[in-house]
Amino acid sequence: MRGRAVLTGEHFMHGDHACTEGAIAAGCRFFAGYPITPSTEIAERIAQRLPEVGGVFIQMEDEIASILAIIGASAAGARAMSATSGPGFSLMMENIGLAVMMEIPIVIVDVQRGSPSTGLPTLPGQADVMQARWGSHGDYAIAAYAPWSPQEMFDLTVLAFNVADRFRIPVMVMSDEVVGHMVERVVIPPEEQIPRWERKRPTVPPENGFRPFLAEDDDLVPPLVHAGEGYRVHFTGLTHDERGYPDMSAETHHRLVTRLVEKVRRNADAMVRYEGYGLEDARIVVISYGCTARSARRAVAQARAAGIPAGLLRLISLWPFPEKPLRDLARQAEAFIVAEMNLGQMICEVERYVAQPVIGVNHAGGAMIPPAPILETIEEVANRGAHIGRRKASTG
Amino acid sequence: MAHTLVAEKHPLDDLIRTDRMPHIWCPGCGIGIVMRCYAQAILESGIPVEQHVIVSGIGCAARTPGYMNLDSYHTTHGRPIPFATGLKLVKPELMVTVFSGDGDLAAIGGNHLIHAARRNVDIKVICINNFNYGMTGGQVGPTTPLGAKTTTTPYGNPEYPFNLPYLLAAAGAVFVSRWTAIHARQVKEDILYTFHKPGFTFIEVLAPCPVGFGKSNNLDEGVEEMWLYRRRCVPAGRVPEETPWEALQVDLREERPIVVGRFVDEDRPVYRPVRLEDKPSEHRG
Numbered sequence: 001m002r003g004r005a006v007l008t009g010e011h012f013m014h015g016d017h018a019c020t021e022g023a024i025a026a027g028c029r030f031f032a033g034y035p036i037t038p039s040t041e042i043a044e045r046i047a048q049r050l051p052e053v054g055g056v057f058i059q060m061e062d063e064i065a066s067i068l069a070i071i072g073a074s075a076a077g078a079r080a081m082s083a084t085s086g087p088g089f090s091l092m093m094e095n096i097g098l099a100v101m102m103e104i105p106i107v108i109v110d111v112q113r114g115s116p117s118t119g120l121p122t123l124p125g126q127a128d129v130m131q132a133r134w135g136s137h138g139d140y141a142i143a144a145y146a147p148w149s150p151q152e153m154f155d156l157t158v159l160a161f162n163v164a165d166r167f168r169i170p171v172m173v174m175s176d177e178v179v180g181h182m183v184e185r186v187v188i189p190p191e192e193q194i195p196r197w198e199r200k201r202p203t204v205p206p207e208n209g210f211r212p213f214l215a216e217d218d219d220l221v222p223p224l225v226h227a228g229e230g231y232r233v234h235f236t237g238l239t240h241d242e243r244g245y246p247d248m249s250a251e252t253h254h255r256l257v258t259r260l261v262e263k264v265r266r267n268a269d270a271m272v273r274y275e276g277y278g279l280e281d282a283r284i285v286v287i288s289y290g291c292t293a294r295s296a297r298r299a300v301a302q303a304r305a306a307g308i309p310a311g312l313l314r315l316i317s318l319w320p321f322p323e324k325p326l327r328d329l330a331r332q333a334e335a336f337i338v339a340e341m342n343l344g345q346m347i348c349e350v351e352r353y354v355a356q357p358v359i360g361v362n363h364a365g366g367a368m369i370p371p372a373p374i375l376e377t378i379e380e381v382a383n384r385g386a387h388i389g390r391r392k393a394s395t396g
Numbered sequence: 001m002a003h004t005l006v007a008e009k010h011p012l013d014d015l016i017r018t019d020r021m022p023h024i025w026c027p028g029c030g031i032g033i034v035m036r037c038y039a040q041a042i043l044e045s046g047i048p049v050e051q052h053v054i055v056s057g058i059g060c061a062a063r064t065p066g067y068m069n070l071d072s073y074h075t076t077h078g079r080p081i082p083f084a085t086g087l088k089l090v091k092p093e094l095m096v097t098v099f100s101g102d103g104d105l106a107a108i109g110g111n112h113l114i115h116a117a118r119r120n121v122d123i124k125v126i127c128i129n130n131f132n133y134g135m136t137g138g139q140v141g142p143t144t145p146l147g148a149k150t151t152t153t154p155y156g157n158p159e160y161p162f163n164l165p166y167l168l169a170a171a172g173a174v175f176v177s178r179w180t181a182i183h184a185r186q187v188k189e190d191i192l193y194t195f196h197k198p199g200f201t202f203i204e205v206l207a208p209c210p211v212g213f214g215k216s217n218n219l220d221e222g223v224e225e226m227w228l229y230r231r232r233c234v235p236a237g238r239v240p241e242e243t244p245w246e247a248l249q250v251d252l253r254e255e256r257p258i259v260v261g262r263f264v265d266e267d268r269p270v271y272r273p274v275r276l277e278d279k280p281s282e283h284r285g
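Here the protein sequences line up with chains A and B, keeping their order. Just so it is clear: in the first sequence, position 371 is 371 by our numbering, and no numbers are missing. Just so it is clear: in the second sequence, position 69 is 69 by our numbering, and no numbers are missing.
Take the hints with a grain of salt, since some may be wrong.
[Unchecked claim] Take a look, some chain B residues computed to stay more than 12 Å from chain A by CB distance: (1) Ala7; (2) Asp19; (3) Tyr160; (4) Ala184; (5) Phe195; (6) Pro198; (7) Asp251.
[Said to hold, decoys possible] Stretches of chain B that chain A covers, calculated by requiring three or more beta carbons in the stretch to come under 8 Å of a beta carbon on chain A: (8) 61-71; (9) 86-100; (10) 143-157; (11) 217-227; (12) 263-276.
Keep in mind that the hints were calculated from the coordinates and are not lab data. Note that the structure is a prediction, hence the values are computed from the model and not measured. Each residue gets a CB set at the ideal place from its N, CA and C atoms; glycine is no exception.
Extracted from the complex, chain A is given alone in its bound form:
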């Protein structure tokens, strides 16, 4: 019996399950993974769901095998995903670089837990966000999204597949244990309303002289050839020229790596997502993401009710970083507060774009940061001026 791919309707749904349904609705038909708390429910549900829709589920021997299997599956033409948490995410790092270099789209979900090492397997963290950006060796660029609700576990998983396919990059969904294990209202739209961005595919037939890594369009994305289509294409993690052939020259290397990074920079507008709350008149801007943004929103609401001109910039895309709204806010704000469940990661990115004091509200993980310490920080800044920050950005 075949099941429905898109479970259109209103649901009271677990975050990890919403992620699974987002993947299936987006057309994911291959999942390879390894059990790890707190992401296991994604694997469990997709193991049940994929066979219903003609997809492939395989539990691999480790997370290294899992990421390779999804890269191989995607090279054959499938939308493919894996889900993991910190320790498994670390094991995947080397081959994020392979997907970048081969320009094979993949989606990885990291339901973050307390870390480093084995850390707090059943409790939340947000300390993998820099690893998502920089974890593999070398210069490269990817996209990463931070859902704050089961609804966004669905929506952002769909977006992750679209961005991955459209730009031929790995895309991460950087969830956390709170959002992954949260049960909340999830609205799944009708199938025809699920957005779908297709892979760019070759428009010429296989012939000698086809250059599979030649990016002729302004978006710097070359058309993607799948295995078995007769193009007889070479994919390698080595530095390669437009033919896909290894070329150990500094010129080719610079040209390739620059294109891979520029590809994301140039198309950032299509990938960046953020949400504002009370920003119109905000003098104190709180920046947060994932589960922590839920507390930040409460704190900002309480501050505004008390007459403090506070606002929230919620980062939905962590990478590319929403620098444009931040630059705009730098013209009106007196101070920025960055609330995150780590000891100061995205705050570094905020400091890059603003000259005002940037104050961190941090916790190493294990429990949600409640609204109170965020509200207290807002009040402190409001009461004593903007120059009392624990962290200050250098000006200029």
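Take the given structure of chain A and dock chain B to it, following the hints.
Below, chain B without anything else, positioned relative to chain A:
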């Protein structure tokens, strides 16, 4: 008028990326022989060239996909088998061959090797065993014989090597054979045979590496190792009834026979992902 011995075209030309020649392999290396066997087997397979896919990891043998005019994937060190697994499961109609070396497949990728064999996923593995890490200049590997000298075992290798056919048979491969670079005909025949043998198949080919391994083990010339194979190789009797698995251990230092042949050729249900439209009886095999 003199006869010309130059052919306009070789039957394998279409399968080789001639614009990538010369290759990186050293004089006396055995990898090229095996690549030629693979190409010949493709030609004779009756399977359209477009349906053949070659996947490798890192190392000298793993450069082979770059020279084959096929859909080719040169992945990371140790990882061709899980990559090939994902690719094959999405497009089962493709003939997916993993062509890599002993260090890549049995050391860094050893876990994937045994698990793919256990699953009996339908991929064809050709493992060039040259007893060392050739590309990095001749370090000890998982197949380096006990006592052999390498750049990282200057006093002799203190570790026992893997007996790869024994390992693969234990892990569940449905076809396991071993030949050497001097057995070009048998290697080609076995590759061709495994193209039509469903399941996880494993062919080990012992190959000279005069620059990496030979130089410090009195095998400075590739041809010396080929002579050694010719002198010492003996075909296996039925394994394990006539030839015990332990006899398959290779020891290049001693005048012991090197056992070659087909050791395993059996039928076992091939791994297939669960499909709900299948009848239950079709889930396996």
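Against the structure, the hints come out as follows:
No Cβ of chain A comes within 12 Å of the Cβ of alanine 7/B; the nearest lies about 21 Å off, and the non-interface call holds. At the 12 Å boundary, the C-beta of aspartate 19/B falls inside the reach of chain A, the nearest C-beta of that chain being 8 Å off. For tyrosine 160/B, the non-interface assignment is confirmed: its Cβ lies about 24 Å from the closest Cβ of chain A, beyond the 12 Å cut-off. Alanine 184/B, annotated as away from the interface, keeps every beta carbon of chain A farther than 12 Å; the closest lies near 25 Å.
At roughly 15 Å from the closest C-beta of chain A, the C-beta of phenylalanine 195/B stays outside 12 Å, upholding its exclusion from the interface. For proline 198/B, the shortest C-beta to C-beta distance to chain A comes to about 18 Å, beyond the 12 Å cut-off, and the non-interface label holds. The claim that aspartate 251/B lies off the interface holds: its Cβ sits roughly 31 Å from the closest Cβ of chain A, which is beyond the 12 Å cut-off. Counting residues of the region 61-71 of chain B whose C-beta lies closer than 8 Å to any C-beta of chain A gives 5; at least three are required, and the coverage claim holds.
Chain A is given as covering the region 86-100 of chain B, and this holds because 8 residues of the stretch bring a CB closer than 8 Å to a CB of that chain, at least three being needed. Check result for the region 143-157 of chain B against chain A: violated, 0 residues qualifying (beta carbon to beta carbon below 8 Å, three or more required). Under a criterion of three residues with beta carbons nearer than 8 Å to beta carbons of chain A, the stated coverage of the region 217-227 of chain B fails, only 0 such residues being counted. With 4 residues bearing a CB less than 8 Å from a CB of chain A, the region 263-276 of chain B meets the requirement of three and the coverage assertion stands.
Consistency with the previously given hints fails for numbers 2, 10 and 11, ordered from lowest to highest.
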